[in-house]
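Engineer: Here are the chains, one letter per residue:
There are 4 protein chains.
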Amino acid sequence: MIGHGFMGAAHSQGWRVAPRFFDLPLDPTMALLVGRDASAAAAAAERWGWQESADDWRAVIERDDIDLIDIVTPGDSHAEIAIAALAAGKHVLCEKPLANTVEEAVAMADAAATAAERGIAAMVGFTYRRVPAVTYARDLVAEGRLGEIRQVRAAYLQDWLSDAEAPLTWRLDKDRAGSGALGDIGAHAVDMAQFITGLSLESVSGVMETLVAERPRMASSVGLSGTASSERGPVTVDDLALFTGRFESGALGSFEASRFATGRKNALRIEIAGSLGALSFDLEAMNELQFFDATAPAELQGFTRIIVTEPGHPYTGSWWPAGHMLGYEHGFSHQVKDLVDAIAGGTQPTPSFADGLQVQRVLDAVERSSDSGSAWTPVGS
Amino acid sequence: MIGHGFMGAAHSQGWRVAPRFFDLPLDPTMALLVGRDASAAAAAAERWGWQESADDWRAVIERDDIDLIDIVTPGDSHAEIAIAALAAGKHVLCEKPLANTVEEAVAMADAAATAAERGIAAMVGFTYRRVPAVTYARDLVAEGRLGEIRQVRAAYLQDWLSDAEAPLTWRLDKDRAGSGALGDIGAHAVDMAQFITGLSLESVSGVMETLVAERPRMASSVGLSGTASSERGPVTVDDLALFTGRFESGALGSFEASRFATGRKNALRIEIAGSLGALSFDLEAMNELQFFDATAPAELQGFTRIIVTEPGHPYTGSWWPAGHMLGYEHGFSHQVKDLVDAIAGGTQPTPSFADGLQVQRVLDAVERSSDSGSAWTPVGS
Amino acid sequence: MIGHGFMGAAHSQGWRVAPRFFDLPLDPTMALLVGRDASAAAAAAERWGWQESADDWRAVIERDDIDLIDIVTPGDSHAEIAIAALAAGKHVLCEKPLANTVEEAVAMADAAATAAERGIAAMVGFTYRRVPAVTYARDLVAEGRLGEIRQVRAAYLQDWLSDAEAPLTWRLDKDRAGSGALGDIGAHAVDMAQFITGLSLESVSGVMETLVAERPRMASSVGLSGTASSERGPVTVDDLALFTGRFESGALGSFEASRFATGRKNALRIEIAGSLGALSFDLEAMNELQFFDATAPAELQGFTRIIVTEPGHPYTGSWWPAGHMLGYEHGFSHQVKDLVDAIAGGTQPTPSFADGLQVQRVLDAVERSSDSGSAWTPVGS
Amino acid sequence: MIGHGFMGAAHSQGWRVAPRFFDLPLDPTMALLVGRDASAAAAAAERWGWQESADDWRAVIERDDIDLIDIVTPGDSHAEIAIAALAAGKHVLCEKPLANTVEEAVAMADAAATAAERGIAAMVGFTYRRVPAVTYARDLVAEGRLGEIRQVRAAYLQDWLSDAEAPLTWRLDKDRAGSGALGDIGAHAVDMAQFITGLSLESVSGVMETLVAERPRMASSVGLSGTASSERGPVTVDDLALFTGRFESGALGSFEASRFATGRKNALRIEIAGSLGALSFDLEAMNELQFFDATAPAELQGFTRIIVTEPGHPYTGSWWPAGHMLGYEHGFSHQVKDLVDAIAGGTQPTPSFADGLQVQRVLDAVERSSDSGSAWTPVGS
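Chains as they are written, first to last, in our numbering: chain A, 1 to 381; chain B, 1 to 381; chain C, 1 to 381; chain D, 1 to 381.
Don't take every hint at face value.
[What the hints assert, rightly or not] Derived pair list, reagent style DSS-like, types lysine-lysine, alpha-carbon separation capped at 30 Å:
#	chain 1	residue 1	chain 2	residue 2
1	A	Lys265	D	Lys174
2	B	Lys265	C	Lys265
3	D	Lys265	C	Lys265
FYI, nobody ran anything at the bench for these hints, they're computed from the structure.
So that you can see chain A by itself, here it is in the shape it has in the complex (with noise of 0.2 Å):
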């Protein structure tokens, strides 16, 4: 594994916790974690129960010992590692989003497509697929239960920037983080969206905007926020970004990435109408998912609240008993067993670096959007 921030800590526990749950046809070994700085690389490998540490993962993705590379670096690097690691023969499991530029991810699909012709193996981390309740959502809708698909209403909600004086920190840096609102939570609704549906998006009228736009710089760093200083420097990145969608069917979508959302702490939702039945979900409440089933009789219609912890759901008949609630990170053991899985089975794992370069163009498409006036643009391909 390259990188080691929270990130890495998530997929650490994938690695770690999918072996004793799944019946997986590989044995996977937490064999090396690789960080910029060697010491905290070591500490992060002690903590997280990696076998060695390593301060030179070029060095790393040479080692005949090393099948995989699990890349949790920041944006900017996903690049330039997936492709030399997938050119050293290595499968490459990649974080979202796939790049900070549509040019770096049609570089890494090429890569992978080439890759995959020696069945070398390329995913990206969209993990939220992987939500029981989610992989059920889109099966839902593969077996026709929704009829045709109409309306998508997808929302990221989060609050962290609603205090004008949360301070600047790197994910507020264009120049680090390549994006704000819409990369970052963004890309996660219209994967999903794409994902339940099954239908991809073809053109966008968006609009994104800073509606804080200076803000105390920051004293020091801790996690994910941090304190502030009395100086003060600009947002560079979007904090809000609002779009509408036509996917290739004609349906039409509405999506929302926003960091002012006050109260939500974490809420991806989800809500798509069909011509037979609607789907609600929202991360919020992650065991569930609302299913509306318009061809019931009208008196019996509603919709019901699916608690997706059967036996025969996706992936919770591995883990607990009925009604026995699974939590955020067990999206990244799923995200290990299909991997393995697929890496077994000689296949080649979802999303692709495909999958996750369209991604990238859809982003692309608002952004270009937002910078004409919201005018309908194309989605690129």
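Fit chains B, C and D to the known structure of chain A by using the hints.
Structural biologist: This is chains B, C and D only, laid out in the frame that chain A set:
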């Protein structure tokens, strides 16, 4: 009262019930109901308890014993009737939308302004403002409990067109209905957002859509719906409208009016995020208001489900003890109360015709934006 | 109508509104309101729209132009008035509880049985049966959708005594109120459980409690509450009752009536579990019924939130379009409709005085059980 | 660890994960798993990551390199193993229920008290105490935010016996399971109520019931369930228990343990009402705590849905950022953390064996009350 459709029943209930629960300074009499068809008008008058009926509204507005005209006809006749009634010195209550075009609405607002100088009252019926939870939401914003408003999310969701075989009612015919989802229900979302926040929309970007463009022609009409024939005809109004708006303060809002929101019968939802707090309301749980206080200790923060039936809440003290629910039509009694209070007090009621005009201008700007590829479009004035 | 407290307002609204929304076979006239104090009765009659007022109910029940007596006085006068009215050949609607003692209730049920032979109708006002969601719950059970009923959980929760300094109102005085939480609100929980399930309770075990035994005496009375004086007096009724009951079928029920349920203003909740399904209802969301269908595929099972406002649901088709909410007082219109239908049709309305008596017997058995250390006590018959 | 059923998986996850997220003062090693069947134990050890396996627990507790014994066997063996382990100077973590009889539990509590004098720790596994929302509920009560506790409503609802044809598993056989719904899940409701309120139950009145008395014998066993044969046999444990309890303070509680609560898979619910506030929790939404503050202004009062994932909430700061959900098994990591902290700090962990014994005494009193017609029965001491 002129007209006797669904809104006639609701307005009649308002006039019938308000004096029984509120101490009104005047004693309204349900004098006369007007309809084009004399016998249908007579039947409605009998059913709803109006003393007389008539079929010529022009004669009625000249009668000395009539002080107030309540207009519940389709939108295309609002302007003519209201302007004539105001000219005849009658107070006017006009159901929303104020008119089918901005031009008509301008003329009505002008007439109301002129009449106001003579002490004549004019009010437009955005009744949802008078759901106690909505009025209370406005109060909380006005008290500063949300701080600076940052973001609004408003949607009016219905699903009576989800079924592609639902027939072509007059509401789907532009010539008769004037507009579709945007004008019918989007108007409520716009008015509510502006009412609660106290902010006006200044520009918009939007898209209007007709998701199902052809439907069976109607063989016969029953209530809001009807039975289908085998012939098909075109839907000439929008059935889905999505738009983004910028308020005068710089805050952003996302808006949706949908008749395709499968499973949502009459869900007018609004969420408002401010620097100090947030609110959430859904007409499907109309006695409740969710309030988030961002100034509370972090560990105690959360959305509080306020059941808006306390004696100290707007309007509710005149009805039942705390915890006893109100329904849809109570807003019509509140409207009567506020209108009668204004007339007796010699003040102008709200929402005024000017308020109604401003909502029309917003909808018009959305339509123009949609016609020009969702380009940002200023709200006229 | 005899009496003019809070229930008088609710019953008046029922008589006023029902004929405007339902096609009644008879045309009820709000003829006369009786109260002990002539001027207070006159004021209430004026306020609520009764044509006359009077202060001697005995004279009124002899009048030939009065066909029906609606009794909304305190429980200690129900028996005397109802028996006299029935003897005088008047139809009777009597607010719950039927009486303050089983003995009185027996006499009333006997009088009603005798009167029924002459075609006179008698009905007791358990209005919550006529909340559409509750009536629909009964229908679902009657259709067999829950299979064999196994378990019932019913609670009526209020909190107006949570504050130990809330003053001693007449409702806390056994001599005047007859009983406390059990008789006032527990009666509703018992009636609703028996109504929905169609099963009678046969034996009970319970405890009645007075959690705060002394409270400030009241200096003055305002509405249901009042202001406190510095002197204290004893609470002589229960403020919390908990009991278990066995239905005739062997099913078990748990019941609670509490005036100490902090935060619950008027929460009458019931949950019913059967071999094929389950139901859940809460008066705080009175337009909703939660239904669980255990015969659905396991992965799709969950509680469905049915919004009981469809045209095909009980009563709702006569009001507003689907999705438009009803409130507390609509049940009183439904009661009027059903009573008038029964009278016109020559049938006996439900709930009958015998039904009211049976509820009294259950409450009496709870009281006797509580007095004997919660021993199981048969419900008399 | 001794035993390797469902609880073995959960405890293993606790030992595996806790050191990766919490800074533990000691470094626990997953040394050895014991099971009666050597090959099954070896397979479980391999699966869950224990270094060794064994089939003789008596030998294991004598090993010098073992410091702590984690007992996850069925209840009938707890006493023997725990007492021997404590005598051998090992710290003990024993899954609930402490024992199948009060006598055994007394012996265990005595052994723990003796061991404590030598610095040996003993803890019983009521893991739900360590759901962050539950721990936080306890904190709020301890801070006085609820004032004087008046009333508790606790229910543990499952539905795996709703189907009358569900087969006879060992859990329905008194000889093997010791008890039914009361002992298995009612124990959790009792512990949680006492834990959060800080109050002990002093007397109870209850009824235990077997709603379906005969079921198909099991042909084969799979997980918690199995397949049915055509032969039938008796259910010898309760499948529903309802009881009322009085706390030492005079507060009353109602309790329910049901395996017939159709539609509720694992709903451990508790509601607590006090003079200043109230709390509500449901394990089906385990990251949430509903809090009502009766000291807030009346118009702002309501239940606040606190998502218990803030850094300042119990345990949660060591996991993920605010708004990222935890699941069922996280309580097992919290249990490990608190146990290891106690051992390292030389203090006794809670819940102690004495706490476990007290819960057994409550359950025993309920059983005795049920046997004597629900008469009030003191909880022994």
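Engineer: Confirm or reject each hint.
Structural biologist: Okay, the hints, checked on the actual structure:
1. Lys265(A) to Lys174(D): 47 Å, violated
2. Lys265(B) to Lys265(C): 27 Å, holds
3. Lys265(D) to Lys265(C): Measuring from Cα to Cα gives roughly 29 Å; hence the hint holds.
Hint compliance for this structure: hint 1 is the single one not met.
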